[in-house]
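Protein chains: 4
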Amino acid sequence: MVKNYLHKVQYYETDKMGVTHHSNYLRFMEEARVDFLEQIGYGYDRMEKEGLVSPVISVNVNYVRPTTFGDKLQIAVKVKNVTAVKLTIDYTMTCNGDVVCAATSTHCFVDKNSRPISLKRVNPQLFELLSSLAEAKDI
Amino acid sequence: MVKNYLHKVQYYETDKMGVTHHSNYLRFMEEARVDFLEQIGYGYDRMEKEGLVSPVISVNVNYVRPTTFGDKLQIAVKVKNVTAVKLTIDYTMTCNGDVVCAATSTHCFVDKNSRPISLKRVNPQLFELLSSLAEAKDI
Amino acid sequence: MVKNYLHKVQYYETDKMGVTHHSNYLRFMEEARVDFLEQIGYGYDRMEKEGLVSPVISVNVNYVRPTTFGDKLQIAVKVKNVTAVKLTIDYTMTCNGDVVCAATSTHCFVDKNSRPISLKRVNPQLFELLSSLAEAKDI
Amino acid sequence: MVKNYLHKVQYYETDKMGVTHHSNYLRFMEEARVDFLEQIGYGYDRMEKEGLVSPVISVNVNYVRPTTFGDKLQIAVKVKNVTAVKLTIDYTMTCNGDVVCAATSTHCFVDKNSRPISLKRVNPQLFELLSSLAEAKDI
Numbered sequence: 000m001v002k003n004y005l006h007k008v009q010y011y012e013t014d015k016m017g018v019t020h021h022s023n024y025l026r027f028m029e030e031a032r033v034d035f036l037e038q039i040g041y042g043y044d045r046m047e048k049e050g051l052v053s054p055v056i057s058v059n060v061n062y063v064r065p066t067t068f069g070d071k072l073q074i075a076v077k078v079k080n081v082t083a084v085k086l087t088i089d090y091t092m093t094c095n096g097d098v099v100c101a102a103t104s105t106h107c108f109v110d111k112n113s114r115p116i117s118l119k120r121v122n123p124q125l126f127e128l129l130s131s132l133a134e135a136k137d138i
Numbered sequence: 000m001v002k003n004y005l006h007k008v009q010y011y012e013t014d015k016m017g018v019t020h021h022s023n024y025l026r027f028m029e030e031a032r033v034d035f036l037e038q039i040g041y042g043y044d045r046m047e048k049e050g051l052v053s054p055v056i057s058v059n060v061n062y063v064r065p066t067t068f069g070d071k072l073q074i075a076v077k078v079k080n081v082t083a084v085k086l087t088i089d090y091t092m093t094c095n096g097d098v099v100c101a102a103t104s105t106h107c108f109v110d111k112n113s114r115p116i117s118l119k120r121v122n123p124q125l126f127e128l129l130s131s132l133a134e135a136k137d138i
Numbered sequence: 000m001v002k003n004y005l006h007k008v009q010y011y012e013t014d015k016m017g018v019t020h021h022s023n024y025l026r027f028m029e030e031a032r033v034d035f036l037e038q039i040g041y042g043y044d045r046m047e048k049e050g051l052v053s054p055v056i057s058v059n060v061n062y063v064r065p066t067t068f069g070d071k072l073q074i075a076v077k078v079k080n081v082t083a084v085k086l087t088i089d090y091t092m093t094c095n096g097d098v099v100c101a102a103t104s105t106h107c108f109v110d111k112n113s114r115p116i117s118l119k120r121v122n123p124q125l126f127e128l129l130s131s132l133a134e135a136k137d138i
Numbered sequence: 000m001v002k003n004y005l006h007k008v009q010y011y012e013t014d015k016m017g018v019t020h021h022s023n024y025l026r027f028m029e030e031a032r033v034d035f036l037e038q039i040g041y042g043y044d045r046m047e048k049e050g051l052v053s054p055v056i057s058v059n060v061n062y063v064r065p066t067t068f069g070d071k072l073q074i075a076v077k078v079k080n081v082t083a084v085k086l087t088i089d090y091t092m093t094c095n096g097d098v099v100c101a102a103t104s105t106h107c108f109v110d111k112n113s114r115p116i117s118l119k120r121v122n123p124q125l126f127e128l129l130s131s132l133a134e135a136k137d138i
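Protein chains in written order, with numbering that gives the first Met the number 0: chain X, 0 to 138; chain V, 0 to 138; chain P, 0 to 138; chain W, 0 to 138.
Please keep in mind that the hints were generated in silico from the structure rather than gathered at the bench.
There may be inaccurate statements among the hints.
Since copy identity is lost for identical chains, a pair holds within one copy or between any two.
Within a straight-line C-alpha distance of at most 27 Å, the following computed BS3-like cross-link-like pairs (lysine-lysine) qualify [said to hold, decoys possible]: (1) Lys7 to Lys77; (2) Lys85 to Lys2; (3) Lys71 to Lys7; (4) Lys2 to Lys79; (5) Lys15 to Lys48; (6) Lys15 to Lys85; (7) Lys7 to Lys48; (8) Lys48 to Lys71; (9) Lys77 to Lys15; (10) Lys2 to Lys71; (11) Lys2 to Lys77; (12) Lys2 to Lys48; (13) Lys119 to Lys77; (14) Lys77 to Lys111; (15) Lys7 to Lys111; (16) Lys111 to Lys48; (17) Lys15 to Lys71.
Construct the complete structure from the given sequences, taking the supplied hints into account.
Spelled out as structure tokens, the structure:
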């Protein structure tokens, strides 16, 4: 089982409204995604060695409640969907049991030269793994 | 007429892939939004004086093409929709004529104590102005 | 004994040279300082309750070796010196046993209204604690 | 004559104390330095083409007065000193006529493979230019 990722909000992540600046949640999503991939055996080093890069092509973030300095965010990461050319990931962030942010990021797959590739063809093992974890299967 | 906002990508906004880190586009949106409100006569000082805060409740960002250090982004800001309790803003970012990012942010209205308010009731003048600028009117 | 603070370098903390952007080390110093104060019993909540703020008035950073995404930085924090009106903190950051960054931050003490105060007079208990931890005593 | 660089403080650059977070001044220094080099004919593109990189090896920042969202910082950049292997740059930031921050950054020179080089030998033209601009000459 994949464990939630923990992010403790830093002082420099707050803004003059006294809350976590909304742009930082994209960074928390990245931290949690990297950790998730590491947990399922696809840490950055391995991805890089296999020549696989997975840039963000869109994000969708719903800010439910503000958080602030010192808050401990639990971030649950799930594969929502994976196709040969696209991966969608879901993030649910909670703090003291309350959902504070719900988000989605979508990624494509490219090689070292930034050319789009089919994950299914280039890395069938990772494709199968992500598919098995996906909530909605749609190949 | 409202002028486009110009953001020149800084070195510290790039990441090890050599491109502008995707989280920074939310910051560019904020810069452009602040500038837009200033241009229509509602700079931050005035908003604060009138006790009006407009936190982000969701964002939607589509990354169309990567940009990098030194790139000059033209950001066109438009009011997409405004209701008594919600404002939606559209952003189109271009670089050398190509769209590089298309995004939307949605905001609610709160008073100094973070209590939700009806913009239509509390600040009818700003509500009318935003409505007149909105592409889709939906009150 | 105070434990070292651990910071794992995030992807978004790198720049297009492929290394941790130098501005981020100031953020790591802040993270480590907050953690240090918490460990000695003066977490942010307590400081705030006691009406004590300690803004940075200067920093000095020596970048010894570059670090990058995934690197685990061990940050050792030490009180270098404390006087009635000033606190100087030392940071030594190592990665895999090598020093990567050595830095110092100096802080004054102000009350909630940003007026300078004497820590010795306003909070003798914290003053004594910091003095006892200081390498160089200079009152 | 080299013109001052202007940085307008952004909302996301503030923290919960209501002021510009101190780490951001290193970013303003970088912005101003890049602009300075461009003004004297050594923009990033040219530096890159000539295979010259100039990483930061130390910084020294004195925070004189806090600034906040909307403040317009005038940043004066000066070459303080240049030797065959090191460049020191001075920054004076003012806001409404008051000095808000005074800082220094020191840089070495490396080639594309991060090997230290002598600027005097590798790029005598730039070395002469920087020397002629330096306040203190020390070769």
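Using 27 Å as the alpha-carbon threshold, which applies to Lys7 and Lys48: within, between, both, or neither? Classified as between; 21 Å across copies, 31 Å inside a copy.
With identical chains, the pair Lys77 and Lys15 could be close in the same copy or across copies; at 27 Å between alpha carbons, which is it: within, between, both, or neither? between (32 Å within a copy, 25 Å between copies)
27 Å Cα cut-off: does Lys15 pair with Lys48 within a copy, between copies, both or neither? Classified as between; 16 Å across copies, 42 Å inside a copy.
Have a look at Lys2 and Lys48 and pick one of within, between, both or neither, based on CA distance no larger than 27 Å. Within one copy, since 25 Å is at most 27 Å while 35 Å is not.
Could you place Lys2 and Lys79 in one of the four classes (within, between, both, neither) given a Cα distance threshold of 27 Å? within (17 Å within a copy, 39 Å between copies)
Using 27 Å as the alpha carbon limit, work out where Lys119 and Lys77 are close: within a copy, between copies, both or neither. Within one copy only: 19 Å inside, 40 Å across.
Taking 27 Å as the upper bound on the Cα-Cα distance, should Lys2 and Lys71 be classified as within, between, both, or neither? The answer is both: 15 Å in one copy and 20 Å across copies each meet 27 Å.
Regarding Lys85 and Lys2, is the shortest C-alpha distance of 27 Å or less found within a copy, between copies, in both, or in neither? So Lys85 and Lys2 pass the 27 Å test inside one copy only (24 Å; across, 36 Å).
From the Cα coordinates, with 27 Å as the cut-off, is the pair Lys71 and Lys7 best called within, between, both, or neither? Both: 4 Å inside a copy, 17 Å across copies.
I want to check one pair: Lys48 and Lys71. Are their C-alpha atoms no more than 27 Å apart within a copy, between two copies, both, or neither? Between. Shortest inter-copy distance 20 Å satisfies the 27 Å Cα cut-off; intra-copy 33 Å does not.
What label fits Lys15 with Lys85 when the C-alpha limit is 27 Å: within, between, both, or neither? between (37 Å within a copy, 22 Å between copies)
Is it within a copy, between copies, both, or neither that the alpha carbon of Lys15 lies no farther than 27 Å from that of Lys71? both (20 Å within a copy, 17 Å between copies)
Going through the hint list in order, the structure satisfies each hint without exception.
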